[in-house]
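Protein chains in written order, with the UniProt record's numbering: chain Y, 1 to 397; chain D, 1 to 397.
These are computed hints drawn from the structure, not numbers from a lab.
Chain copies aren't distinguished; within one or between two, either way the pair holds.
Straight-line C-alpha distance at most 30 Å; calculated BS3-like pairs for lysine-lysine:
(1) Lys61 to Lys30
(2) Lys19 to Lys125
(3) Lys323 to Lys336
(4) Lys125 to Lys2
(5) Lys323 to Lys2
(6) Lys61 to Lys290
(7) Lys285 to Lys61
(8) Lys336 to Lys30
(9) Lys285 to Lys68
(10) Lys2 to Lys96
(11) Lys391 to Lys30
(12) Lys341 to Lys384
On a predicted model such as this, the values are computed, not experimentally measured, just so you know.
There are 2 protein chains.
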Amino acid sequence: MKINNPTPIQWRFSERAQKLQSSAIREILKVTMRPEVISFAGGLPSPATFPVEQMRAAYDKVLSLQGKIALQYGPTDGYGPLREWVANSLSTSDAKILPEQVLMVSGSQQGLDLLGKVLIDEGSKVLVETPSYLGALQAFSLYGPEFVSLPSDDGGLLPEAVETLGQGARMLYALPNFQNPTGRTLSVERRQALVAACDKLGLPLIEDDPYGALSYRGEPLPKMLNMNPDGVIYMGSFSKILTPGIRLGYVVAPRPLVEKLEQAKQATDLHTAQLTQMVVYEAIKDGFLKEHIPTIRKLYSDQCAAMLDALQTYFPSSASWTKPEGGMFIWVTLPKHIDSKVLLAQAIEQHVAFVPGAPFYGNTPESNTLRLSFVTVPPEKIRKGIEILGKLITAML
Amino acid sequence: MKINNPTPIQWRFSERAQKLQSSAIREILKVTMRPEVISFAGGLPSPATFPVEQMRAAYDKVLSLQGKIALQYGPTDGYGPLREWVANSLSTSDAKILPEQVLMVSGSQQGLDLLGKVLIDEGSKVLVETPSYLGALQAFSLYGPEFVSLPSDDGGLLPEAVETLGQGARMLYALPNFQNPTGRTLSVERRQALVAACDKLGLPLIEDDPYGALSYRGEPLPKMLNMNPDGVIYMGSFSKILTPGIRLGYVVAPRPLVEKLEQAKQATDLHTAQLTQMVVYEAIKDGFLKEHIPTIRKLYSDQCAAMLDALQTYFPSSASWTKPEGGMFIWVTLPKHIDSKVLLAQAIEQHVAFVPGAPFYGNTPESNTLRLSFVTVPPEKIRKGIEILGKLITAML
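Modelling step: build the complete structure from the supplied sequences, incorporating the hints.
What follows is the structure, encoded as structure tokens:
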């Protein structure tokens with residue numbers, strides 16, 4: 001049946017595709033999957049936190065009672081009861097969020113892609129933190145934006161910079177809680193100043209919040225969404241509080257934007273799996289997360305403390321690092337002359353891995369930075385891995 | 001916590017987003033969800049064919065035995081054993097398909113979006129059938145192509161047109177088996193001529209095949225993929241042979257393209273749900289589809305026969321329609337002066353719905369056409385609905 005002597009195609013990719021690269025992190029992860037490696041590189045939540053039995057029971061119940069509905073095509077905007085749950089969970093006494101403001105998506109990453117699709121033209125100015133979340137930079141990059149990096153200090157981005165840098169921009173992307181990659185948290189005062197500054201410019205403010213529930217002290221800061229529901233786009237996810245492998249998140253936005261995002265989603269993948277949404281609703285509707293999330297906080301908080309302790313013991317005093325109050329990451333700044341990519345090459349030889357900081361910058365990278373994740377590594381291995389890194393850094397001084 | 005007197009945002013959407021519209025079909029579906037409506041409008045498979053118990057048992061088994069893996073993030077290219085299953089199922093004695101040529105996606109629609117992202121620039125020439133699948137036109141449209149409609153007859157597209165129309169094009173998109181919307185099937189001779197014509201031009205040929213397994217006589221025609229694995233991009237789906245609500249499909253392509261698609265997918269949604277892929281593999285690995293697919297064929301074949309019979313009885317002789325040998329759709333051509341949108345408005349008043357043909361054209365629409373789906377309507381209702389449509393059409397003559 002084969003045709004005679006076919007010629008392999010000379011592929012001509014789109015301009016946007018020519019700019020695509022594989023994520024630096026995913027490439028490192030491939031190297032560090034071997035069991036002998038102590039990996040601080042992953043952004044994966046700890047599987048110890050996955051409520052397997054709760055999910056198994058929910059799949060069983062939904063398929064037993066509503067199988068034909070769960071397995072059919074569903075609406076693009078999402079499963080009604082789950083949208084309502086999300087809206088209720090985000091509403092405050094003076095800022096009510098409506099279910100029709102919620103678009104269910106196939107993980108937060110899809111929310112980022114849809115926002116890029118709908119808001120970014122070639123050359124559009126997009127404000128990002130310094131550093132910012134790599135996955136967002138990747139998703140937006142496909143649409144050809146010009147990134148503008150907002151100056152920051154230990155308390156996160158500086159809202160006063162928005163007024164001048166944000167003129168004519170299409171959006172500002174921020175991760176205010178236990179940021180990926182730095183673990184930094186934006187104070188209430190800065191949140192209010194940021195929301196006000198964006199409102200003044202009419203600039204859409206994206207509040208990406210996958211880690212907000214993972215506050216070690218159990219008291220999350222107020223959401224920017226509730227400070228201005230007409231101007232803030234909120235992104236949430238079930239990946240860090242339930243399980244990432246099912247791919248489920250949501251975008252909450254004013255109606256005109258939700259409508260556009262829904263049209264874009266329809267062209268992109270029709271809808272997010274109906275079964276997944278019904279099962280997650282079944283699993284959480286009776287308050288499961290209220291018991292479950294504190295167990296994740298405890299685990300991560302303990303391992304964060306173990307890493308901070310080890311850093312204090314083994315890292316030279318010329319290095320500095322963030323002290324997260326929640327989430328999954330610590331950010332290390334080394335003396336200027338040390339390139340963390342060079343450090344990584346040496347560390348991998350000694351079976352320790354992390355992610356160099358450079359890819360997290362929208363503009364000029366700071367090559368003396370790195371990201372450490374502590375959530376999938378038990379304390380004794382954290383100690384050992386940090387000891388090895390500390391010795392390598394000391395030798396480079 | 002709210003800021004004072006916020007101003008609602010004046011949304012400025014990207015140029016591509018301004019072109020976005022909600023699918024005509026999805027809008028019609030909203031109207032026709034009421035139970036009193038006899039709807040031939042849907043593209044949904046019949047829920048009677050969903051193997052609910054098989055899926056329930058597979059979820060139970062995967063979550064019981066491999067829950068922590070299934071609920072974790074997974075690789076972007078897909079679950080290894082399922083990629084291998086797909087590759088084996090598509091391999092023939094003289095055209096072996098390798099697992100690394102398979103990219104798992106969140107439903108075929110995502111495959112279309114990724115192909116558009118990676119192959120289409122603003123103004124790129126894209127060849128499509130006349131008419132073509134609406135979802136593909138929508139997905140590609142976001143990337144600004146210039147569609148070129150290939151001439152066709154009752155046997156589908158005419159391969160001899162490719163040599164002149166295909167010069168400088170980026171791809172040719174075809175649905176050779178029981179096409180959506182027409183139900184037409186491309187003969188083996190035309191397949192070979194099409195593959196050869198595309199090879200001569202170095203033109204990537206997309207073979208979209210969601211219905212291929214639903215041949216009423218049980219003998220699918222040879223795949224174009226196997227006629228030239230180096231030049232054909234094959235798209236498959238579990239939506240029509242297992243269940244659509246889980247959102248699972250695949251793209252099979254030469255490695256240089258798979259690599260680009262994988263990078264684009266990473267930025268788009270990281271990966272398709274690991275749990276879904278493991279469960280589908282569990283459900284089908286021991287040959288379940290071999291027993292299951294014939295039951296779908298039988299149901300659809302019977303209902304197709306009922307509709308063809310009713311059309312013969314109730315439609316005027318000045319109308320013509322396709323006689324599908326598989327799949328889910330019949331395509332009707334009315335006398336030139338009848339606009340099927342006008343017919344639809346009258347039909348909905350009498351509680352019958354279908355999809356007008358115009359949105360399925362990449363270029364000049366033929367407004368006297370319409371698509372009928374027979375798979376979710378029992379034979380007695382098919383008869384009644386077609387009788388109503390026949391009377392309305394006769395009155396318009």
